[in-house]
Amino acid sequence: MTTTIPIGPFHPVLEEPEYITLEVDGETVIGANFDLGRVHRGMELLAQEKTYDQDIFLVERICGICSASHSWAASLAIEDIVGCEVPARARYLRTIVHELERLHSHMLWVGLAGHIIGYWTVFMWGWKYREPILDALEAITGNRQHYAWYRPGGVRRDVPDEIWPNVLKIIEEFDRKTDMLTGAILDDPVILGRLRGVGILTKEDAIAYGTLGPTARGSGFDVDIRRDEPYGAYSEVDWDVIVQDGCDCLAVAVVRLLEMKESVKIIRQCIEKLPGGPIDAEVREVPRGEGCGHVEAPRGESFHFIRSNGTNMPERHKMRAPTFNNIPSFRPRIKGETISDALLIFAVIDPCYSCTERLAIVGPSGEKLATSKDLLRLSHEKTEELRKNS
Amino acid sequence: MREWSKEVVERLKAKFGDRVDIVERSGRRAYVTVGNDDWIPVTRYMYEEEKGRLCTASGSDRTTGVELLYHFAVDRDGSVVNVRTTLAKPFPRVESLAPYYPAADFIEREIFDFLGVEFVGHPDPRKILSSHDRPADFHPMRRDE
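Which chain is which? The protein sequence lines are A and B, in order. If you're matching positions, the first sequence starts at 129 in my numbering and goes up one per residue. If you're matching positions, the second sequence starts at 21 in my numbering and goes up one per residue.
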């Protein structure tokens, strides 16, 4: 006899609005159904009422984690219509921010995977090592998320050369920590026990379901837009596409862990080779036409299609995030697995959600009323108070 | 960056002849317009023979009817081949690609949801993103009077 188990409408681990119903026979899952759309914001319709410059800010807000990817893909689609050549310095600056985004996104996933399997040390370590990457992004773009960095034709701002030594220092330190974490994860029998052989997605299924990014590459489906249709500076630096044939959750985790090493390699080379010159091709008008742009976001390909009717607003702007293609692959993965592994298997595609919270108390004239030290002190005082009252 | 080989475009021309109208764009993009009857033969050919990867599909309501545009990435070539057909309003319907290519499942449901295109033969023809209490005959991206 089959039973239906509802999970949601809020994801119990990821605090994300999704509704999955599992059909189970005893402990074994035999089918799954999805009910999406709880955070649907009508962005495609909204994009038709905004100018191209405003559109870039809009698509950045599709997701807090992939904000560089969406704005780059939309810029590529506009550049495809205009047919302009992006200056070399802009291509390198775009690539650096894009790869830093991949680093923090993958590290976020590593932490969440630890959280889901109940391995809190991995969660604490992963998120601790992710933090300096956000600092580097803040140093370069001015923001931890939503960088407002990309614009059709180039980037919005130039950066002084003095910041690069610090960024290099951060990624070298990150590289060492990633080595240590990768070694610790792949050496831990408990983690391997939870991941190995769980949630098999065959290569045939990965292709048929149109999966993308680490989800596809963990199943031996060798697809990476950075290599297949090189954009930015990817064809000018030395790096490898990581592909694993394990087809299970472990293979996807290994792809993400090893990809971080490749991203560090790319950033290091981009900073070393960073050319001078202009940062913007200064696109003034978008002629009538159609254009597609796609980039390899941390979770897979982000695809944007724009049709222009010659005005300053797009007639149609289709945007597709990688998770839309990856979610259906949960069905073949989950069949025959137990209920206890369902959440982990669902999280292996890294379903997308944005969450960045940070506290800064700012006075009326802009001065900071509390520094990080003050906040730490406040936190300690509160803990003491809680202890006294308990 | 290597040259765009355009082999796929040549093969499409050779196989379908006058039934396809192909426009090439400099940025490694091709736009292929087909009639409603050739929709499934051409899209299936793109997936099964050319190993094109369905990135996504864009549906839009234009003056001539509801337009479907399926974006196939040909990764070995670094190009995107877009296959287009226009369906007559007010009741646009076309055969579904999803039975042959599961990657089309979700996106065809989305186009049904927002534009009211009926995909004949779709394994799970339900709404996907809009809320359950939305009237069944209201499609937010239609531009009907």
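I should point out that these hints are in silico values taken from the structure, not numbers from a laboratory. Heads up, some of the hints might be wrong.
[Unchecked claim] List time: in silico DSBU-like cross-link candidates among lysine-lysine, alpha-carbon distance up to 35 Å:
1) K71(B) - K463(A)
2) K389(A) - K35(B)
3) K256(A) - K401(A)
4) K33(B) - K178(A)
5) K33(B) - K389(A)
6) K26(B) - K501(A)
7) K109(B) - K331(A)
8) K178(A) - K305(A)
9) K463(A) - K147(B)
10) K35(B) - K71(B)
11) K297(A) - K178(A)
12) K401(A) - K26(B)
[As the list claims (entries may be wrong)] Output of the computed footprint for chain B on chain A, the stretches with three or more beta carbons under 8 Å from beta carbons of chain B:
13) 167-174
14) 461-467
[Said to hold, decoys possible] Covered, in the sense of this in silico footprint (three residues per stretch, anywhere, with C-beta under 8 Å from a C-beta of chain A), are these stretches of chain B:
15) 50-58
16) 105-112
Backbone N, C-alpha and C fix where the C-beta goes; we use that ideal spot for every residue, glycine too.
Here's how the hints hold up against the structure:
1. K71(B) - K463(A): 26 Å, holds
2. K389(A) - K35(B): 45 Å, violated
3. K256(A) - K401(A): 29 Å, holds
4. K33(B) - K178(A): 38 Å, violated
5. K33(B) - K389(A): 44 Å, violated
6. K26(B) - K501(A): Violated, at roughly 60 Å.
7. K109(B) - K331(A): 40 Å, violated
8. K178(A) - K305(A): 43 Å, violated
9. K463(A) - K147(B): Status holds; Cα separation ~24 Å.
10. K35(B) - K71(B): Distance of about 16 Å is within 35 Å: holds.
11. K297(A) - K178(A): 40 Å, violated
12. K401(A) - K26(B): 32 Å, holds
13. 167-174: holds (count 4)
14. 461-467: It is violated, with 0 qualifying residues against the three required.
15. 50-58: Contact hint for the stretch 50-58 of chain B vs chain A: violated, 1 residues under 8 Å.
16. 105-112: Coverage by chain A is violated here, the residue count being 0 at a Cβ distance below 8 Å.
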